[in-house]
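What follows is the residue order along each chain.
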Amino acid sequence: MKFGIIQFPGSNCDFDCYYALKNIIKVPVEWIWHKQDNLNGFDCIVLPGGFTYGDYLRVGAIARYSPVMSALTNFSRAGGLVIGICNGFQVLTEAKLLPGTLTRNKCLHFICKQQTIRVEEIDTPFTIACKTRKVLQIPIAHGEGCYYTDKETLEHLEQNKQIIFRYCDADGKISDKANPNGSLNNIAGICNKERNVIGLMPHPERSIESCLGSDDGRLIFESIVNHLKVNCF
Amino acid sequence: MWSVEINIKLKKGVLDTQGKAIHNALLSLGFSSIKDVRIGKLIEIQLEGNSQDEVSKSVQDMCQKLLANPVIEDYSYKIEEQ
Numbered sequence: 001m002k003f004g005i006i007q008f009p010g011s012n013c014d015f016d017c018y019y020a021l022k023n024i025i026k027v028p029v030e031w032i033w034h035k036q037d038n039l040n041g042f043d044c045i046v047l048p049g050g051f052t053y054g055d056y057l058r059v060g061a062i063a064r065y066s067p068v069m070s071a072l073t074n075f076s077r078a079g080g081l082v083i084g085i086c087n088g089f090q091v092l093t094e095a096k097l098l099p100g101t102l103t104r105n106k107c108l109h110f111i112c113k114q115q116t117i118r119v120e121e122i123d124t125p126f127t128i129a130c131k132t133r134k135v136l137q138i139p140i141a142h143g144e145g146c147y148y149t150d151k152e153t154l155e156h157l158e159q160n161k162q163i164i165f166r167y168c169d170a171d172g173k174i175s176d177k178a179n180p181n182g183s184l185n186n187i188a189g190i191c192n193k194e195r196n197v198i199g200l201m202p203h204p205e206r207s208i209e210s211c212l213g214s215d216d217g218r219l220i221f222e223s224i225v226n227h228l229k230v231n232c233f
Numbered sequence: 234m235w236s237v238e239i240n241i242k243l244k245k246g247v248l249d250t251q252g253k254a255i256h257n258a259l260l261s262l263g264f265s266s267i268k269d270v271r272i273g274k275l276i277e278i279q280l281e282g283n284s285q286d287e288v289s290k291s292v293q294d295m296c297q298k299l300l301a302n303p304v305i306e307d308y309s310y311k312i313e314e315q
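Residue numbers (my numbering), protein chains in the order written: chain A, 1 to 233; chain B, 234 to 315.
Hints in this document: simulated from the structure, not taken from any laboratory. Every value quoted in this text rests on a predicted model; they were computed, and no experiment measured them. No residue lacks a Cβ here, since even glycine has one placed at the ideal position from N, Cα and C. Keep in mind that a hint or two might mislead.
[Unchecked claim] From the derived model, a few chain A residues whose C-beta atoms are all more than 12 angstroms from chain B: (1) Phe15; (2) Pro28; (3) His34; (4) Leu39; (5) Ala61; (6) Thr73; (7) Glu121; (8) Gln137.
[As the list claims (entries may be wrong)] Covered by chain A, per the in silico footprint, the following chain B stretches (three or more residues, Cβ under 8 angstroms): (9) 256 to 263; (10) 302 to 315.
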């Protein structure tokens, strides 16, 4: 089992992800420079948070054309697991590996705070260690996390159960008040139809040890490890 | 040599939070007649090409691949020969 973390110019949560996987989850993990053009030997690729290419033009728009991205497309088509966190989520939507887009927070502010999200679906490699409707406390830190897509795509996401996490209050209630950034249907994370690519705005690598205020982020990485243990060996 | 001016606008119906903030700022400056403000991007490109048709095709390709996001944005452009 081997994890890879893609480093784009401007990635800045790459070391947090590395620490979480190496020291807490204790799985083999390697760096992948964005100019690398093959992903052979990896089982799960992490696109970390940050501000790739300074967020110029649109968030994730330039990173989407890094050489590693065509390898990532092939990797995901072959069933490899891909998780995009925050800016990584934005890159995945720009690359059309996930539908929709992430736009400026409705309130216009950059938001950095602890956030509660509800696990909507547990039949994905990223949530199998969770219980349905479980409320996780995982921090968010973004200026452009407002999920938007057209009506038809949103209906497909709901029908196909591709909405994996929603912003909620501490009791798991979904409401406008619990929605920090104006995302449609309180979307905090979605997966593709094949369920092997996920993007989420909250940072599970920042809630990996209880000394950080929460270790709920572990559940997401542990889900991946549980899935790979069953499916890779 | 050709000069191209590309305008990128948010689609109608997509919430323009920046436009809203600027609208409010203009209202507070006393410009009370303002009904709506929308923010877009202007991109100027200089490029070589044999014909306007060739340049136009190339610009469309750039817009679709990188410069605009079809989920939320529309684009238009003007081409001038220099």
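Going down the list of hints, with the structure as the test:
1. Phe15: holds (29 angstroms)
2. Pro28: holds (35 angstroms)
3. His34: holds (16 angstroms)
4. Leu39: holds (23 angstroms)
5. Ala61: violated (6 angstroms)
6. Thr73: Given that every Cβ of chain B is farther than 12 angstroms from that of threonine 73 of chain A, nearest at about 14 angstroms, it holds.
7. Glu121: holds (23 angstroms)
8. Gln137: holds (27 angstroms)
9. 256 to 263: violated (count 0)
10. 302 to 315: Result for this restraint: holds, n = 3.
Hints 5, 9, counting from the list given before, are not met by this structure.
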